[in-house]
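Asks: If you want the building blocks of each chain, they are given just below.
Protein chains: 4
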Amino acid sequence: MITEITVRVNYSETDQMGVVYHANYLVWFDRARTELMRDTGLTYKELEKQGVYLAVSDVHIRYLAPARYDDPVRIRCWVRELASRRVTFGYAVEHAERGTLLATGETALLSLTHQHTLTRLPDHVRALLQPAPDPVRL
Amino acid sequence: MITEITVRVNYSETDQMGVVYHANYLVWFDRARTELMRDTGLTYKELEKQGVYLAVSDVHIRYLAPARYDDPVRIRCWVRELASRRVTFGYAVEHAERGTLLATGETALLSLTHQHTLTRLPDHVRALLQPAPDPVRL
Amino acid sequence: MITEITVRVNYSETDQMGVVYHANYLVWFDRARTELMRDTGLTYKELEKQGVYLAVSDVHIRYLAPARYDDPVRIRCWVRELASRRVTFGYAVEHAERGTLLATGETALLSLTHQHTLTRLPDHVRALLQPAPDPVRL
Amino acid sequence: MITEITVRVNYSETDQMGVVYHANYLVWFDRARTELMRDTGLTYKELEKQGVYLAVSDVHIRYLAPARYDDPVRIRCWVRELASRRVTFGYAVEHAERGTLLATGETALLSLTHQHTLTRLPDHVRALLQPAPDPVRL
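Protein chains in written order, with the numbering used here: chain Y, 75 to 212; chain V, 75 to 212; chain E, 75 to 212; chain R, 75 to 212.
Among the clues, some could well be false.
Derived lysine-lysine pairs resembling BS3-like cross-links, with alpha carbons at most 30 angstroms apart [said to hold, decoys possible]: (1) Lys119(V) <-> Lys119(Y); (2) Lys119(R) <-> Lys123(E); (3) Lys119(E) <-> Lys123(R); (4) Lys123(V) <-> Lys119(Y).
For the record, the hints were derived by calculation from the structure and aren't laboratory data.
Turn these sequences into a full structure, and let the hints steer you where they fit.
Replies: Take a look at the structure:
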């Protein structure tokens with residue numbers, strides 16, 4: 075299962091080089107991951123209500139081509155790996171019209187309690203987060 | 075009493091017009107307000123521990139001249155008005171070397187409980203937040 | 075003419091009070107204003123290509139109720155006033171499902187050349203930016 | 075040579091988990107890298123004036139412990155590797171008082187012309203960016 079969202083680059087996301095500032099890709103990843111969770115039927119909001127917090131523990135991003143103001147940008151997100159207390163998501167960022175690959179990324183998230191201690195991902199959550207093969211080379 | 079901080083404009087704060095994106099001034103105001111509180115002897119962090127939350131209810135900003143990448147920027151902050159459940163801060167943003175006035179602003183903050191209901195500012199807090207005359211015309 | 079967009083509150087927009095950090099409303103305003111321009115048939119991107127830059131000169135925001143994580147939020151945007159070198163936009167921010175008014179705002183933008191000097195808004199641009207009556211009390 | 079900066083966590087950087095949102099570390103890295111450049115005697119601002127742009131091409135961050143509101147945070151930055159058209163920086167993020175290691179990171183930057191094509195780092199720039207051994211394990 076691969077979730078796909080499209081965002082429009084806002085002025086606030088550009089920098090004086092005339093491209094999207096690199097930190098903003100992490101927010102796009104977050105938006106895509108949130109929609110992937112929603113697509114599974116269990117929103118991240120509901121997961122927190124059940125006492126499970128997912129905290130980012132590892133980030134890797136490779137930037138291939140710049141995104142520019144007002145570009146429509148598609149972010150695809152999928153589960154790469156699932157462990158007992160960790161889930162890893164993959165991302166591909168593309169120009170939504172031209173299809174150019176702009177960036178790829180990966181984030182690992184740890185399952186925490188409200189007190190920030192590691193906890194097993196509940197089985198009903200693990201069942202929803204099935205890994206998919208990478209659609210692009212990360 | 076007027077508190078003064080200096081920040082250095084970071085690349086992340088610029089936009090493709092080559093100037094600081096306007097929303098970032100609110101973060102500078104927040105930084106200055108936090109230091110004003112620290113200067114009174116009661117940090118905002120400690121205030122929250124005492125169960126008092128200050129939530130921004132009104133913002134006004136006037137932009138006079140752009141701030142640019144790597145500019146040293148001075149933000150002055152002071153209390154403008156104090157009411158039983160509200161405190162209003164004033165701000166002046168200047169180029170730290172040239173002294174040019176870049177922006178002025180005002181934010182009103184309401185005193186809330188953790189449950190987001192209005193509450194009186196405790197007397198010991200009110201005693202610390204004494205209004206000062208505007209050092210610049212807002 | 076009133077333009078309407080809907081955004082979903084992302085985790086990055088929340089703060090430790092559990093609500094949307096106040097500066098983010100300016101980014102929502104920007105997104106709505108960009109879509110209003112697109113709706114007129116002249117995107118802001120195209121306007122910049124024609125050598126006209128709109129720089130925010132005045133901001134006013136009133137916060138009425140907090141927006142929270144994962145809330146669907148509707149932002150309505152319209153032209154309030156049009157002068158020879160300035161255009162003022164109004165904004166209403168609402169919970170997209172419950173309809174609660176969360177915030178109102180206004181931003182004035184000045185028409186600048188690429189060299190940041192004031193310039194008249196071209197007639198074909200002025201013709202597109204017709205003021206509308208406020209749909210809510212600002 | 076290792077450059078060190080200290081920042082104070084602002085409310086705008088926190089999220090509803092009560093910790094610093096993960097994307098903000100990239101801004102801290104940027105601030106530290108900017109000061110490292112300044113320490114070499116050639117600011118990044120001056121480098122851009124000379125026609126050389128450094129664009130982030132690769133990011134890796136490992137988060138070890140959360141940073142919280144009002145924490146003083148120290149970021150150390152150094153050059154890890156220098157190639158003809160690429161420079162890689164390392165980062166260590168620590169609680170400035172307790173010394174706890176909060177995160178480590180690495181960013182690779184490519185040397186570009188104003189037209190966004192790859193270009194060799196000029197010799198006088200390469201001479202300033204001498205790699206240092208990692209002070210912590212990345």
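Asks: Indicate, hint by hint, whether the structure satisfies it.
Replies: Evaluation of the provided hints:
no. : hint                    : result
1   : Lys119(V) <-> Lys119(Y) : holds (26 angstroms)
2   : Lys119(R) <-> Lys123(E) : holds (26 angstroms)
3   : Lys119(E) <-> Lys123(R) : holds (26 angstroms)
4   : Lys123(V) <-> Lys119(Y) : holds (26 angstroms)
The structure is consistent with each of the numbered hints, conforming to all of them.
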